[in-house]
Amino acid sequence: MSPNRPLLQVLNYQVSGDLAGASSRYVENYYRGKPEDAPRGDAGAAIHLRPEEITENAVALWTSGAAGDQNPISLARGSDFTLVHSLGKILGEEAVRIAGAIYSTEQARIGGKQEVVTCPGRKVAPGTLPRKEYKWEDSDPVSIRLSLLTINDIALAGVSGEVMTMIQEHLKKKSTSSHPLW
Amino acid sequence: MTHANGSSGYIPDDAAFEQVSYEITTSRLKPGCAENAIVNGFLNLMGQH
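One line per chain: the protein sequences are F and U, in this order. Under my numbering, the first residue of the first sequence is numbered 1100, with each subsequent residue one higher. Under my numbering, the first residue of the second sequence is numbered 512, with each subsequent residue one higher.
Watch out, some of these pointers could steer you wrong.
What the hints assert, rightly or not - Looking from chain U toward chain F, a few residues come up when the C-beta cut is under 10 Å (computed):
hint, residue
1, 512
2, 513
3, 517
4, 520
5, 526
6, 529
7, 530
8, 532
9, 552
10, 556
What the hints assert, rightly or not - Lysine to aspartate or glutamate pairs mimicking EDC-like chemistry, simulated, CA-CA at most 20 Å apart:
hint, chain 1, residue 1, chain 2, residue 2
11, F, 1231, U, 529
12, U, 541, F, 1237
13, F, 1222, F, 1205
14, F, 1212, F, 1192
15, F, 1212, U, 525
16, F, 1272, U, 534
Unchecked claim - Derived coverage of chain F by chain U (criterion: at least 3 residues anywhere in the stretch with Cβ under 8 Å from a Cβ of chain U; other residues may be distant):
hint, segment
17, 1191-1204
18, 1221-1229
19, 1265-1273
Worth flagging that the hints you see were computed from the coordinates, not collected in a lab. Quantities reported herein were computed from a predicted structural model and do not represent experimental measurements. No residue lacks a Cβ here, since even glycine has one placed at the ideal position from N, Cα and C.
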């Protein structure tokens, strides 16, 4: 393999968690030009490259951005994946376009740190269904693990939960990194 | 990146707790903590880098 060919491409996309888990293979298999191996059943996007853009042996690492308040673009059920393929093609072409602008560097400083923050917990109090109003009672504290990977001035931030969009925006505004990625 | 290294459930921003939605009612968090804890936690980690 040429030293300048990518081994891995990280794709961070704010999409419903419905796409997370086993279906992330869907993205990778498309990226590697093996759509026939992609598992079926999600209404999320898939990478779909033209044959000349296929990168043998490269891995597409899919990560889900802060999308706790975003529903899937399509909630369709069944076996018609036309919309999925269309969304995947749009996303895939954008990923390829961006990948074309990637530059390499011979030196990089890589760092990693993590921290666990804990917040008070609550749960819905028992009541008759359907609820006219919600009442809450105290529950166990919730631990949230924060993971930070830095590559030079690029900061990749990870959270152990399904984060809503405005928390990401809040961090971006206050971030000291010139390239925060969440 | 979310869903990373654990499963803390839905994490709403402070303002979102005013809503009644699936995400809010199934979150295990009390309002008023997580947003600043996450932002300040990352700023602290970035400061150590």
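message: For each hint given before, does the structure comply? Return the numbers of the non-compliant ones in rising order.
response: 6, 13, 14, 15, 16, 17
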